[in-house]
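> Two independent chains are provided; combine them into the complex using the hints.
Chain order of the listed sequences is G and D.
Position 96 of the first sequence, counted from 1, bears residue number 96 in the working numbering, the numbering being contiguous throughout.
Position 567 of the second sequence, counted from 1, bears residue number 567 in the working numbering, the numbering being contiguous throughout.
Read the hints as simulated data drawn from the structure, not as lab findings.
None of the values given here were measured: they were computed from a predicted structure.
No false leads were slipped in.
Okay, the calculated bits of chain D under chain G, using three or more residues with CB under 8 angstroms as the criterion:
1. 528 to 535
2. 553 to 564
No more than 35 angstroms apart at the CA atoms, straight line, and that leaves these computed lysine-lysine pairs for DSBU-like:
3. D:K185 x G:K446
4. D:K253 x G:K218
5. G:K149 x D:K435
6. D:K280 x D:K20
7. G:K149 x D:K346
8. D:K139 x D:K482
9. G:K491 x G:K394
10. D:K185 x G:K242
Residues of chain D clear of chain G, computed beta-carbon distances all greater than 12 angstroms:
11. E19
12. S50
13. K73
14. F168
15. E232
16. P304
17. M343
18. N350
19. K432
20. K435
21. L483
22. L500
23. T525
Quick reminder that beta carbons are idealized off the backbone N, C-alpha and C, glycines included.
Below are the chains, spelled out letter by letter.
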Amino acid sequence: MRNQSRYLLLITILLAIYYLVLGIHLNHLGYISQEAMFYIEKTKIVVDGLGNRLKVMGLTAPILPFYASFIFSAISAPLAPVIASSIITAVLFFLIGSALMRRAKDEFYLFILLIIFIFHPGILYAACSGKSIALVMVFFFMFFFNLIKFYNSNTTFHVSIASISLVLLIFCDYKFIWLTLFFIPLVLSITIKSLNLGEQESIFRLFISFNNPSLRRKLINKTFALYIILFVLPLACIVCYKLLNLTHAQDLNYFSESPYATWTVLADKLSFDQLSTSTVYQIPETSILISARVLLFCPLILVAIYLFRNSMYQVLTLLTPFAFIEFLHIKYEKVFLAQEYYLIFVVLALLCILYKAQTIRNQTILKTIVGVLTLVQLYTGYIFLKNSSLTEEKNFITVLLNREPDTHQDENRQLANYINHLPEGAHVLVDDAIAFPIVAFTRDKKDLQRLTLPYQNTYLSAIEAPDKYDDYILLASEKNEVTGFTQLNNKYIPVVKKANSALKLHRVYETSDWVLYKVYE
Amino acid sequence: MSIPELLVNDGFISRQDREKINDLSATTGQSFIKIALNFGYISRKNYERSLTNAGYVFQPIRELAHDADVLSKIELKFADQHVALPLRIENGRVITVMADPSNQLFIDFIRFTYDCEPEIILASDLDITWLSHKLTGDKYVKSAVFELLNRDPNSSAFITFSTGQLAFLFILLGLVTIGLVVSFKNTSIIINILISSFFLVAILFKLFLALMGSRFELHQAVTREDLREIVEDELPIYTILLPVYKEDKLIKKLIWNLQALDYPREKLDVKLLIEEDDDKTLNAVRNLDFPAIFEVVVVPFHMPKTKPKACNYGLHFARGKYLTIYDAEDIPDTDQLKKVVSMFGKLPSNYICIQSALNYFNRNENFLTRMFTLEYSYWFDYMLPGLDTLDIPIPLGGTSNHFKLENLVELGAWDPFNVTEDADLGLRAYAKGYKIAVINSTTYEEANNEPINWIRQRSRWIKGYMQTYLVHMRNPVALWRKLGWKGFLGFNFFIGATPLTFLVYPFLLAIFISYLVFDLSTIRTLFPDWILFMSIFNLMVGNILMIYINMMAVFKRRYYELILFSIANPVYWLMHSVAAFKGLYQLIVKPFYWEKTEHGLSKVNNPTNIVK
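In isolation and in its complexed conformation, chain D is listed as follows (with noise of 0.2 angstroms):
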């Protein structure tokens, strides 16, 4: 008895999925099995205990011996669709591990591929998918970690510092070196006067951000109207990654979320990319005791062990128009799908990637939560529609960012060097003279509760920001050329200044509070009246200003009771400034290296995230 019929049978399977299984296997050309365990039809428990019963065996395969000769025979992706692969032969025989040991097309194939008869071995799918990708998977993780540098090495964070940075940067410094030994004073205020001005003019430039973005608030840009005329059966596969990392607590939440989005399940291409080394999230995945609705790939071991790294893996596996990424914890809105096609539709073709809003579930959790979703209600209903406004380039959030696969690719995807992957992919649309668009949809993430946590996590940010900005910079003509002069500074402003102002952050506030506290006769002497006038100036209205526009932030979102948090601003940014010297000691030493953010530590139950 083959194994679907003994499926259906034992009663895990019925007749009419059995019929959609196989009309989507003959669609997609995965196998039965494949489709089953990974389009929600049945849990890897039920399947594993109705073959137990049948008297299979399942046999642990990890260790097994194997040839990279007959490996080099199957392609890895034909093994991914029908969960088997040959390893060996021995003794005459192909030995074939097989999640679904009557797979007839696969048996025929090992037997034309090999010109012997398989000895099959029957183990979990998972494991097979592990060892596929761990065995055959290697040009497809050297694609992901070399393309972009081989293709375009201008755009690759690869090398950190270009030689005309290294000497443009020392050569500030023995200016600056120089320029204190001759007359301390007067570089003294000339640096002051920089930073002062700087300061100001980046902040007055978020609050004309803000100020613009706030002007279209109540924009919808796909109403319900639109969303009424989509046609279930005209809509494209959508292919969703989920990149994850020893997040084994989240795995239960991630299926109930996906399972509430509004798209049709077998127009889902999910894919859960697990690193080689995470037993702990495959597990997790094995112990679930109801369907998944994801399949899972396994990514390779290879440095750098990046989230952008592992996208680009899985993006050779992906098989949809369009393509976003979530992370575990995401509860994206269920009807974002959809919006997004619709927009896709509306937009013109040169629009290949639309950012959804990021917001956080466990805003009231404490302080830290508070102050996080203020910032991210500021960004990204305020910033981002501002900066797509006044056409500037978008630093795209790390996830609901929705892609057309194709000029994904063409654009040499995500670079694996780069910690802030997003924001850089963003600027190089642009500079291809692609646009990106904002929409009206929000997917609430799992804000950060824990400062350390916090900083860790902000301090891959900030260094990311530096990467990407040291990226673009290596030419500034040509990238004036690619953005154009609102581009360019938007650029500047945003990219550039946001790790300046942390880092130069705390070095005000302490001439600040010296000078208010102690009075130092010093600064006094240092800094004639007109400068410390005009820097407490600055640092007073920047900070009334950045202030102001947090406040702002919770009207769109109704979050009232958050506008006094907004006061703490300046105590926040302190912790901005540690995770900006963070990120810079480590753009030094280890600019590829992946701090990872730990998630799942919220004690608060998701919200639902369906539309109302």
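Extracted from the complex, chain G is given alone in its bound form (with noise of 0.2 angstroms):
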């Protein structure tokens, strides 16, 4: 057994070194996700700004892959989020492997989770894309890993490790949340089984449970306990969190409603607008078929829920993410569903295989279909990757199998480039709600302070009189997509000319997205 993990520990470093050489390469080729941009630039502003950064390290959300990328950003800020990604990706595939080698013990799906987390497009996504993916994946398999595990053993040790996971996984995506709302018919329905009860079908027993006075209190106690045990953690966390942002951002929800706290805003704004504004129209993300395309993009679903049949509230329990994913589409409509929604589906497709392919007598048919359906899976990957309505999903595989360079941010980079070379003293006043590309790339501590942010002090008074506090002003153009979250856009000189009607403007710097002025007085 310490073999194995030792073998296994070899594995996860030389896979953690894979996911490493791959994100670097295309972050060498100019690939760069928006998530981690943001991290990048919020990591910058803990690090080497001036002002109230503790509202920055606070509130950024979602708070644990900020953490995380905040961590690497000691051996290489613009690469922390790479790097973070990548490593948690490995140590999942650690996780999963050595739960795999203690249960399952068959080295066939060691070798078929090796080729998943190598060859998966969506893996490979999640590994170097700098995003919050992985740890997603990290607390969702420890959430459904450790629930499954309290159907078997009962301890309140399993429950409870669910329920911290459930936290955790909460504050890596906030959407997460809703994922309770699909547990309280379930955890009704795994009260009813704890029941010591002779009857076996859940309805009878459920019949026999609501009829004797004694039963139902223990049923009603019980049930209520464990809402409480599985609940109380994710909820007393979101309501103190949600107080924090209130003391410190007068806002409730400003860690998911703010354009400065979260990234997600912005990318949800996009995708808005693409749905709205797109002639050409992809596969429609309708309820019933976005169930239909998460069995095409991980066939494995089905292995796994064949091997629950028996268990009605297991079976329910691999059926709440269907309906979690189905809630999300109705709740955020017109928001594609990212590759992480998608993903989780592959891990808890692979939980159910470690926990109970050994149970399966035909073994050789087993292996036929779990090999079969893993390669089906790693084709639907590259397509649901190549086919996204997500542009920076697209741009990821496109980068990764044409390894030519990307070319998206190349136009920030130049303006960050140009403000990086602006004369000593010079300040910018730069509304980073949508310039954080450009904050991102700023090159060292220098650069960073020589811009005006909105997380300093005088940033607001900055914005009434710019030319008292900065020397330049970026403003977003026209063709911004997001133009209408900042201030600072076309809008702004009319009315800041009608303040101070002396105040001159000289534009230095153009791009598409971005016009930079030189103010005089």
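Below, the structure written as structure tokens:
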């Protein structure tokens, strides 16, 4: 067992190196995700900024991926998100692998796991894009793994760990709070199962429990206790976090609704615009089709459901993520479902296989099916990324396979480069609600400190009287897709000129999204 | 006619029982009457009735004159075994008090020792026990008080603060004062950071322990199969010490609880330890109208008047291979003793103590009993197994800890100057390389249902933790070496952190509430935003986690109805804080004072303790 663990550790290290090499290579080709840029920018502010950095440190969301990236900024600030996601994906492999070795005890499944982690485009995307997907997958795995363990062991330990994992999952992606919604009927089902009754059929167990006063009391008490132990921690943490937002940003939902706190606001807006204005319809993401798309993306989940077919509430548990993504699709209408929400099914399928595969007598057939479906899954994973509605997902696979430079951020880079080379002492007024990519591309502490950003107390004064505080102003052009999220856009000039008619602005640099003005008095 | 014959003729003892008593008498060396009265063969009332009917007259003997020379020739243990005592020589006859005037062996002893005939005065066995311990128990009580102090003064709480500790405390106080004078703001910030971090780490540690413990919540250290394999004839003698003080209301309950124990009666050595001045309890025993199954041991007066002193005294008379302590109101699981014997058989020889879980039978009585139950469930069902798993010293609970007698004696038994002698003993055992295990058996106690009484009890516990911490931290480096880093940190976070968190808690809460309600500008100027952010985070996360840990506690025992009471924990901790400050005050002014907890206040009837 110890030898196997060492073996697994070695593979994990090699895998981490593989992801790192791939991630750094893609980074050199110019590929960088919005989320990664957001973390880089916030890290720069926290490390090198001047002003209320505490708010940035505490209220940047999702907080855990940001902190994970922040830790690695000591190695390299621009590569920190990629290093974090690479290492975390390797850790996920280790977690699944070690559980697999303890339970399934069959190297075939480890081989399948390795194949998926080496070749699955979605996993590669999670590992090399610097996004929070890897961390989401880790906690998603831990949550479901402990929940399924709880079904067997019935110990508080597993349900508590599941609850803690759920907290961590929510702090990696707030949308997972909705997952709790689908556990409400499930917990009742779990309690009914755990009652000591002769009757086996769930519906009759429910009938008996409701008609016997003592059993009814027990059922209600236990169901309630399970709800509490599972959900009180996530809810309490969210309440505390919201209170912190209220006290430090005067807005309970600052972390989820402000573009200064999270990158998803802009991402969702872009997705919305694309869906609203696009004339070319892609596969319509109607409700039923979302689940069908998941089955196409991850056919292994069918094996997972088959493995748990004998237990109704365990099958229900596996179905909750389906309900969850369907719900997301309704709740966040006209927002594309990101790769992350498909990848959780890959994790779930692997979890079920490692948990139950050894119980199937005819291993040859099972292994053949798993092997074939894995290959299908690799292909569908590629197709999904290639045809993704989200630009950065599509870009990833293009850059990965064609190994051609990604030019999407070139303009931002050049603009940042221009700002970096401005004369010593020159200050630039920038709104990082939408200009965070430019801030992320600043070179060093000196370059960052020349920017007047919204986290600083002087920002509002600088907006009112830019000539007193800054030498340059960066404005979003009309073409900029998210121009509405900032005050510093083309509408700013008439307003500021009205206030100070002596103010003169001169265009010094221009890209399709940005215009940099020099301020003259 | 001899007394045994008289009792048989009167029908109070059957012939078979008489044979059993004689057999037991031959193996233990105890007299017939001692066994008859202490092993449940006859009640004291019937014994007195029978003798009175036969013309015997029971005399009051407590005030009788005695001669030290006469007493010096008799060993207390011998007098105790025969329930008889020579008092003085008068008119060429030895005035001897006896519970059984027909005890030929003792009469012969008097003749040979004093070379005169005895003049026998019949007295109640309880009075004779009282008198013999009072008059001849001096060396045992001295040993009970000073044994540990003489043998291992560094482990005794006789000295509360060592010179080094006092120097450390005053230097620290001096530095803090200087710091506050020189830079009030920065010093406050440093203190705040230290306290907040400590608070959070202590709570995270507790969460970790609870999780570790909960992992093995279904683990059965001793299974039913193990119990079935036990051969009754091979069971060892088991000593049960029952230290009581003014527990007259509980004596009847005690007998029922002891009788429910599934252990051969003749292999039980039950000692009811009654203080010399506790006539209430002694009279309650005297007035029992059914047979008692315990032996009364009267603890002569000697300061400090603490439970460990009484236990140490009782230890001198213990006959068992194993020994445990129960409180008067305790209801142990019926198979607890057998489980312990089975577990000791399975464990390596360095395991010298097994701790049973404690819980409460009156949990639904009021708010306080509910909170207490939650606390104990979390402590004994999750925390101690967690410590056990991580091999960190276990602070023993007050009762239901089962020892190997010889190892207990070797350790120097309990420290009479320590008011949580149990926690202290657990640490001393670890320091000597011994181990303590936790067993899947529960003793149900009476939860304190009255706030003042609760604070009294808790202040003693917290004071005891402080004492224990001070005793063992006299030489931290040596302790580190003995316990290892895990044990050392566990000790600091468990024994050291517990009183400290309770002492600090009200201050943190006050700052938090002031900040929240009044938004005091002074606080904002004193502490920068990041400190307040960190402190509030710590306090909130700390409270939430502690509430969560308490919520976990309901699962193992299926006390689901208590889960919401966990939310009231912050209020419950405030009561702890009151007790902690009382304990701190007492630690300074009267460190050995034993705050007596009133028992028998519960109106709830005991549930059955039969293991199904």
